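A.B. asks: Here the protein sequences come in this chain order: Y and B.
Position one of the first sequence corresponds to residue 1 (this note's numbering), numbered consecutively onward.
Position one of the second sequence corresponds to residue 1001 (this note's numbering), numbered consecutively onward.
Derived from the structure by calculation, the hints contain no laboratory data.
Any given hint could turn out to be false.
[Said to hold, decoys possible] Label-pair ranges, simulated between beta-carbon atoms: (1) B:Pro1002 <-> Y:Ser32: 19 to 29 Å; (2) Y:Ser32 <-> B:Ala1020: 24 to 34 Å; (3) B:Met1001 <-> Y:Glu262: 44 to 54 Å; (4) B:Lys1084 <-> Y:Pro399: 53 to 63 Å; (5) B:Met1001 <-> Y:Leu27: 26 to 36 Å; (6) Y:Lys247 <-> B:Arg1052: 38 to 48 Å.
[Stated by the list, open to error] Here are the simulated DSS-like cross-link-like pairs (lysine-lysine), alpha carbons at most 30 Å apart as the crow flies: (7) Y:Lys439 <-> Y:Lys500; (8) B:Lys1158 <-> Y:Lys165; (9) B:Lys1084 <-> Y:Lys165; (10) B:Lys1135 <-> Y:Lys165; (11) Y:Lys257 <-> B:Lys1084; (12) Y:Lys291 <-> B:Lys1158; (13) B:Lys1084 <-> B:Lys1006; (14) B:Lys1158 <-> Y:Lys276.
Owing to the predicted nature of the structure, the values given are computational and were not obtained by experimental measurement.
By construction, the Cβ of each residue, glycine as well, lies at the ideal position given by its N, Cα and C atoms.
Now for the letters of each chain:
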Amino acid sequence: MYVYDEYDRQILQERVAQFRHQTARALTGELSEEEFLPLRLQNGLYVQRLAPMLRICIPYGMLNATQLRRLARVTRDYDKGFAHFTTRQNVQLNWPNLEDVPDILAELAEVEMHANQTSGNCIRNTTTDQYAGVHADELIDPRPYCEVIRQWSTYHPEFAFLPRKFKIAVNAAANTDRAAIQVHDIGLQIVRDAAGQLGFRVHAGGGLGRTPMVGPVIREFLPELDLLTYLEAIVRVYNRYGRRDNKYKARIKILVKALTPEGFAERVEAEWNHIKDSPSRLTPEAIEQVKVFFTEPAYAALEDNPAALVQARSDDKAFNNWVTRNTEPHKKPGYRIVTLTLKKTGVPPGDITDRQLEQVADLCERFSFGEVRATHNQNLVLADVRQDELYALWQAIKPLGFATPNLNTLTDIICCPGGDYCALANAKSIPVAEAIQRKFDNLDYLYDLGDIELNISGCMNACGHHHVGNIGVLGVDKKGEEFYQVSLGGSSQHDAEIGKILGPSFAQEQMPEVIEKIINVYVEQRTDEESFLDTFRRVGMNPFKERVYATNH
Amino acid sequence: MPQIIKADGIQDDIWTLLSAAPAEGESLNLPEGPVIVPVAVWQAERETLKARGDVGVWLESHEEPEALADDVTTLPLIAVNFPKFTDGRGYSIGRLLRERFGFSGELRAIGDVLLDQLQFMRRCGFDAYALRSDKDIQQAEYCLNFFSMAYQADVHQKVPLFRRRNAS
Ligand code: SF4
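The following block holds chain B by itself, in its conformation from the complex (with noise of 0.2 Å):
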């Protein structure tokens, strides 16, 4: 089974990540158990979808976060896709999911995820990291932790330093 670096450890990861809707006259055929669906599926079948419970979304990084806007107090987890990971805007999706939409489920970074950006990532609100599986994901846990501290807020840290230097 495939692994996922969370906020307790490294796990056996129990989701299946449908990479794309169905093309034109097919139907949506769900596989079982937890399934990560891109948004497109989910917003043409999002009452069906939230019923099950099990459903998580997925979004590219070219797409609108507020699109989840109104789900985020139903879904269990919506994931970030990072088609390179020099594209920067899965940063930025991440930070909205969490501070403006208030989404507090799993936030799952997918894709080309490596392991010099995961601090950056955990920073900006994701909890989860479906490693690039050719990295060595035993590392993850010293590359998460490579600052003990930051100049600016962020998810986790609202106060930026400034702030609490002046506190001190």
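Only chain Y is shown next, with the shape it has when bound in the complex (with noise of 0.2 Å):
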């Protein structure tokens, strides 16, 4: 995990002090709610429904111990004992005080941790795969390439007041994308060209929200070291170019679209012609001193399958389950990445107390080198644990309510904070999450079922992410009450697609019914092998409209 240098430290030390100054003068009056605004925000502060939001960064997912226990400090001394994972791998604060934030910030400082840039329009954190570094599948560690991306943004003098918000995603893995990295600002797959080159494929003007949209490739092979001036070139083009009159067509997917891709594409590369050999072109030198940070943790020689394991497997069911359902294979023989849940019914998705913060920081250290990582499914990832521990770990984390083993299921929800917390919120989002684990809670059902991304947003914010879940459900209002939109079909990996709205919206009571027949046609439709998506794709929408909105007398 990447650790602090000098530089790092002093930069963020006197951004402390910035915002401690900042605030001082916000509380006389001196800056304007207007003029402060902008700049909370970069610091992480929101206002929300009942009272000031902190976001804080969790830069491409990575925790340590140390890291954890502040938080939880943090979360105990500052506010009310919990905290919530968001859905792009950074960590929110409901309730802290608007004069306490610069000490919270000079206070996350000391663990090389900070709220830079995780709201405004601004580059926001880089996210990545979660199994970065440990999954087979990924062709080169995409971490790396998530710091140099986070040095470069931030604090970029030309890019703190962009159009809107700006988020880049990465990705390394060669068959599945975790990151979701299409329906972002800029996605960047890793690939190698015929040559074996290592380099980018470049996605711009994917995003969510209002008009969401899968990103267009901009180009198809950019060579590593030409990564920094090309990103230059593309948030210049936009900076000067997206539209700063209407807040709803501000995010640079409107631009692509307006330019056509090939167009917009044409404008960056004219750009980056100007930029491509300045000293911000990396060099391999650079990338090597980011990498050393990256490198393997003293892995044990083992086996696949220790007889132990087998054995355990095969004498406890439930244990099975979740190995079965919450763990992923390791890159290295003997290990397994670990998934600890957040979706305990009952509490809402990515919820998580102090004391559960103190505990996993405990197990990361005992289970998995000190090392934990957010997803942006709102769980946490122990990425090296041995598989001959696997039973000690599963035993660990039950009563903390980590080893809900329904990982990737119907009840995996998605969910953002929704009305219960947001300001911006149509409808409550956690309650219906919630309903919805109550009606399916046969895990032979749902490990039936297979993989399903059931996705739900308060609003059109979309920080739910409902567009991309094979199930999304959005919150919407009607005429002063509280509804709910479902649309089916969204995918966020590489086959990415926005979902199709299925007709009108419900009321809370009915949601939980209402996904139990999109479930039932499923199940009466599919064929052996078939996802829910596939089954989607194959049928259409009619069936699953015509179930849902027959009248039953």
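Two chains, two separate frames, one set of hints: put the complex together.
C.D. replies: And the structure:
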């Protein structure tokens, strides 16, 4: 994991001092609310329905035990003792006091954490695959590139006041896309060209929100060392020509659409030609000096499927279920990637208490080289667990509520904070998630249904990524009442697609039943091999529509 | 006299700003002394204005710095308007004028110029700042120097940190 040097520390300390100065001036009124707004947003501070909300950055999802303990302390000392993992690998506190925020940021800075650019019209936290560096499927570890992008985008002097927020995601897995890069402002797929040279396929103009779009490719192959200058060219073109007259048309996707992907790419190339050979071009040494932080930990030489594991799996069905569902193959023999699910029914998805944060810190030290990853599905990952310790880990996490064996099933719901916390919400999202989890509480049935992504957002801002859920639920406002619109067929994977709307929206209490009908159609129509998405793609919307809207007497 | 923040401190501002081009049918009436005119006026009267030697040009945030590419060697001053401090186009304009077109005269930020953006402006090539009049000009020096270093290259530090880190 990346470790700060004197430069990183100095820059971050200066940032904290700057924000202290700004907060003080905001409190005396020297800075108006309007003037303070973008400054506090770029330090992670929102003002929400109930109180300020502080969004703390977890660069590309990586956390260590020290940071987890500090997060726990901060939630205890400055908040109500719990935090919320978001769908962009960040973590939020819901009740800090405005005047305390500089102190919180100072405490976080001590453990190399911050809330930089987690909000506001700037370049946000770069996200990537939660299994980076440990999954057999990846071409190369994407995290060094994320770190290079983090440094480039941090307090970039030209791009602090873009037309709108700007999100970059990187994926290096050849056959899957856990980072959902095609629905980001810029999506970078790490690839090799025919000559074996490393580089990126560049997507631009993807995004969710009001006008969901899958980002088209604007460059098939960008050589590795050209990464930063090319990003600079894209963002400069966007900064100059993105719309600023209407915030709903201000994202880069609107510009890409208006110019056409080809037209946009031409402008970027023209801009890039001026700067591609500038000193901002990366060097092999610059990449190397970041890569040293992402070398392999001291893995033991082990075999897959040790006898103790095989035995425990056959003796204990619940354990076996959990291994099957919540762990993934590791690139090293004798290890597994373990997901700690934060999706226990009755607990809002992604929520975690101060005590649990400390427990995760202990667990990662004991079982996984002291590191944890946050996922965009709002779970946590222990990336390097020995297979002969899986049983001990499972027993340790069961009483803590992290072993709900529902990863990637219907009840592993992605859900934004919604109307319970968020000032922008049209409708509550957490109670809908909970009602669905209660309805589908039979594990065998869930396993039989296989992988289904159900995503819920409380409004068009789509923090719950509802457009790319196989089943998407969106909170809408109908004459002051909370309703829910359902869409089907979305995907954030390589075959990224925006879901299509099923039809008129539903009241909250109808939702579990609606989902049940949708699932029943799938079960009746599927062939042996088909996932929910496969069946939907084959049979189309109609059978679902007919069932859900059939008038029953 | 209004004041202006420059690299070497706060000074009286000798420049007058012509905030709009004359309306249709009206003739251009330039005040005495150094004056900053809209780019449209400059383009219409380029040869006459150039001869005066004390005429600068200002750009609105949507106007293209490319329009001044041929004038950078003769213009003593270019100003860029920030209609709202949240309008970030001026930062790109500043960098292009300095880094692409090689403008070396005074580059001035005008309009909704506040304290907390000054250092970004400087890094993008501005060297004169007409701070909004309700802001405390005495704090400018402090705000221009919040950060002692940065990750990226900019108009002054042409080599990004990753290359300098490596060298040491
Ligand atoms: S989707 Fe809407 S309701 Fe949900 S967190 Fe985002 S802004 Fe709030």
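A.B. asks: All hints are to be evaluated individually against the structure, with a verdict given for each.
C.D. replies: Here is what the structure says about each hint:
1. B:Pro1002 <-> Y:Ser32: 19 to 29 Å: 22 Å, holds
2. Y:Ser32 <-> B:Ala1020: 24 to 34 Å: Since the Cβ atoms of Ser32 (chain Y) and Ala1020 (chain B) sit about 27 Å apart, the hinted range of 24 to 34 Å holds.
3. B:Met1001 <-> Y:Glu262: 44 to 54 Å: 53 Å, holds
4. B:Lys1084 <-> Y:Pro399: 53 to 63 Å: Between Lys1084 (chain B) and Pro399 (chain Y), where Cβ atoms are some 54 Å apart, the hint holds.
5. B:Met1001 <-> Y:Leu27: 26 to 36 Å: Holds - the Cβ-Cβ distance for Met1001 (chain B) and Leu27 (chain Y), about 33 Å, lies within 26 to 36 Å.
6. Y:Lys247 <-> B:Arg1052: 38 to 48 Å: 43 Å, holds
7. Y:Lys439 <-> Y:Lys500: Distance ~24 Å between Lys439 (chain Y) and Lys500 (chain Y) Cα, so the pair holds.
8. B:Lys1158 <-> Y:Lys165: 27 Å, holds
9. B:Lys1084 <-> Y:Lys165: Answer holds: Lys1084 (chain B) to Lys165 (chain Y) is near 17 Å, not above 30 Å.
10. B:Lys1135 <-> Y:Lys165: Since the Cα atoms of Lys1135 (chain B) and Lys165 (chain Y) sit roughly 28 Å apart, the hinted pair holds (cutoff 30 Å).
11. Y:Lys257 <-> B:Lys1084: It holds: about 26 Å lies between the C-alpha atoms, which stays within 30 Å.
12. Y:Lys291 <-> B:Lys1158: 24 Å, holds
13. B:Lys1084 <-> B:Lys1006: 21 Å, holds
14. B:Lys1158 <-> Y:Lys276: 14 Å, holds
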